[in-house]
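**Student:** Sequence:
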Amino acid sequence: MSNTQIFHLTSKDRHPETADLTQFLTQSEGADTIVGPHARVYKCELHYESTTKIVAVKRIYPRGATPEDIERVDVRVRREIVVWIGLEHENIVQLLGTTEKNQDFPSIGMVSEWMENGNLWSYIKETRPLIDRLQLICDVVTGLTYLHSQRVIHGDLTSANVLIDNNGRARLVDFGLSSIIAAFEGTSLMASAIGGALRFRAMELMPPLEEDPTNFDPKLTTACDIYSLGSVTLQILSGQQPYYNINDDVLVALALTQRKTPDRPDTQKLVDRNEYWDFIQKCWRKDPVTRPNAEEARDELFRLRKVVLA
Numbered sequence: 001m002s003n004t005q006i007f008h009l010t011s012k013d014r015h016p017e018t019a020d021l022t023q024f025l026t027q028s029e030g031a032d033t034i035v036g037p038h039a040r041v042y043k044c045e046l047h048y049e050s051t052t053k054i055v056a057v058k059r060i061y062p063r064g065a066t067p068e069d070i071e072r073v074d075v076r077v078r079r080e081i082v083v084w085i086g087l088e089h090e091n092i093v094q095l096l097g098t099t100e101k102n103q104d105f106p107s108i109g110m111v112s113e114w115m116e117n118g119n120l121w122s123y124i125k126e127t128r129p130l131i132d133r134l135q136l137i138c139d140v141v142t143g144l145t146y147l148h149s150q151r152v153i154h155g156d157l158t159s160a161n162v163l164i165d166n167n168g169r170a171r172l173v174d175f176g177l178s179s180i181i182a183a184f185e186g187t188s189l190m191a192s193a194i195g196g197a198l199r200f201r202a203m204e205l206m207p208p209l210e211e212d213p214t215n216f217d218p219k220l221t222t223a224c225d226i227y228s229l230g231s232v233t234l235q236i237l238s239g240q241q242p243y244y245n246i247n248d249d250v251l252v253a254l255a256l257t258q259r260k261t262p263d264r265p266d267t268q269k270l271v272d273r274n275e276y277w278d279f280i281q282k283c284w285r286k287d288p289v290t291r292p293n294a295e296e297a298r299d300e301l302f303r304l305r306k307v308v309l310a
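With the first letter of the sequence shown counted as 1, position 49 gets the number 49 in my numbering; the numbers rise by one all the way through.
Check each hint, because a few of them may be wrong.
Said to hold, decoys possible - Simulated pairs of lysine to any residue, SDA-like, Cα-Cα distance not exceeding 25 Å:
| hint | residue 1 | residue 2 |
| --- | --- | --- |
| 1 | 43 | 70 |
| 2 | 53 | 89 |
| 3 | 43 | 71 |
| 4 | 53 | 113 |
| 5 | 53 | 68 |
| 6 | 306 | 129 |
| 7 | 101 | 86 |
| 8 | 260 | 274 |
| 9 | 125 | 240 |
Honestly, the hints are just simulated from the structure, not real lab data. None of the values given here were measured: they were computed from a predicted structure.
The whole structure should be built from the sequences, with the hints applied where relevant.
**Tutor:** Structural data, given as structure tokens:
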């Protein structure tokens, strides 16, 4: 089933930004539900006429959310859906439509293509040739450049939010959701999801150690995404997560408040080139305005790939 078919089956009496696919969906038999700290993902089948497409249905569940919170989440998610469904790029996971809430599911679901290869982190745990890893980096920065060109901030760029399609190409997903989750969770620095996963979070989204955290009001910017891009690049090249040598996330948070960037992994298993380390350090510059923008990062990473593979 093509995305064009899906548009036609849902657009007869609805705008595409509210395309409701509920009546065409069934949960795949025996399929596991992927449960994360903020959401659940269901593997489903989308049926239309004589064709079937495997899709993912994602529903947001902030931890400790009350029924009133869920209603507010629903409103916020619908706003993000309007943005997401207008995006179309080979390095962005395509939003196909929505599925409405019901007795079993208290929040709206987002229907997207199912990626059998999983996320970037699980994918690169397998042995991957250097040429493939460098392509993944180029895919990520190309997708990010597209988002920024559409005035969309990802806000949670991590290896968990990059999915791998059937051709082994990287696609970004879950942009804009970290700010929704943060709005409905606690105000503690560890609980707050603003800026996404802690190890990939831009340091300016954490209060400096000497500052009163009660007055701290972080703002997501495109520069925050660039910081996270540096961390994703590090992980693809080294096979190590940022702050690989710090096991406790509380200590990672402390390092961020002290404005300490991740150490360079001590590994020769994968590419260990000074040119890439220099690029990563540019992404981690303490002053956000001095970091490269997405287009500059894309041009640099494509140039580096050509140099390394020459």
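**Student:** The structure should be examined with respect to each hint, and the outcome stated for every one.
**Tutor:** Status of each hint after checking the structure:
1. 43 - 70: holds (22 Å)
2. 53 - 89: Holds, at roughly 19 Å.
3. 43 - 71: Holds, at about 24 Å.
4. 53 - 113: holds (8 Å)
5. 53 - 68: Violated, at roughly 34 Å.
6. 306 - 129: It holds: about 15 Å lies between the C-alpha atoms, which stays within 25 Å.
7. 101 - 86: holds (22 Å)
8. 260 - 274: holds (20 Å)
9. 125 - 240: Holds, at about 10 Å.
Hint compliance for this structure: hint 5 alone is broken.
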